[in-house]
Amino acid sequence: MAGIKPGCGQQLLLHLARHAGQPIAVHKRSILVVEDSDEDFATVQDAARRAGLTQTVVRATSGDACMRLLRGEMRGRTAAPLLVLLDLNTPGDDGREALREIRRDPALKTMPLVVLSGSANPRDLQSCYASGVNAYHVKPVDHALHLQVLQQIFTYWLCSVALPG
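If you read the sequence shown in this note's numbering, its first letter stands for residue 1168, the second for the next number, and so on.
None of these hints come from the bench; they were simulated from the model. Glycine included, each C-beta is placed from N, C-alpha and C at the ideal position. Each hint should be verified, as a subset may be incorrect.
Now the in silico label distances, taken between C-beta atoms and shown as ranges [what the hints assert, rightly or not]: (1) Y1296 to A1274: 30 to 36 angstroms; (2) A1287 to P1331: 16 to 22 angstroms; (3) P1273 to R1235: 16 to 22 angstroms; (4) G1332 to N1256: 17 to 23 angstroms; (5) G1239 to G1285: 18 to 24 angstroms; (6) Q1212 to V1308: 17 to 23 angstroms; (7) P1273 to D1205: 30 to 36 angstroms; (8) P1331 to E1206: 20 to 26 angstroms; (9) V1305 to P1258: 28 to 34 angstroms.
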């Protein structure tokens, strides 16, 4: 893989010929972040920028909003997100319920789901893995470390592994 820069921020422009040789649009899949904290969401955006990601980062501030996006606004109009970063403790139906609903939905259940939570409670960890989360990270309190963890998550999930769809 010589010549590929860290961060996987390379852009690939495709022009697929249609009837008259006109290009058609190829939409990039997004990253969905379920996060109610403005500060933590800004950190996610900063980490995505530093990692050189070109995907759109979409925000939901609760588990309810996440499911509305996945079942309504996003479904049928855009492809499912490449990755979901999920905070457990959000208002309304929290991230735990969104995790269970996503894993029950045949159209969504293979989507990579990474919990990024302030909770280090072993019961939360066990419950999330039992519900089918792909990874569980405790949010670092230190901002620089939080950025580093997010960049590692992005590099691993968006650059190092093959994803469905």
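Taking the hints in turn, this is what the structure says about them:
no., hint, result
1, Y1296 to A1274: 30 to 36 angstroms, "violated (22 angstroms)"
2, A1287 to P1331: 16 to 22 angstroms, "violated (30 angstroms)"
3, P1273 to R1235: 16 to 22 angstroms, "holds (18 angstroms)"
4, G1332 to N1256: 17 to 23 angstroms, "violated (29 angstroms)"
5, G1239 to G1285: 18 to 24 angstroms, "violated (28 angstroms)"
6, Q1212 to V1308: 17 to 23 angstroms, "holds (19 angstroms)"
7, P1273 to D1205: 30 to 36 angstroms, "holds (34 angstroms)"
8, P1331 to E1206: 20 to 26 angstroms, "violated (32 angstroms)"
9, V1305 to P1258: 28 to 34 angstroms, "violated (21 angstroms)"
Hint check: violations occur at hints 1, 2, 4, 5, 8, 9; the rest are consistent with the structure.
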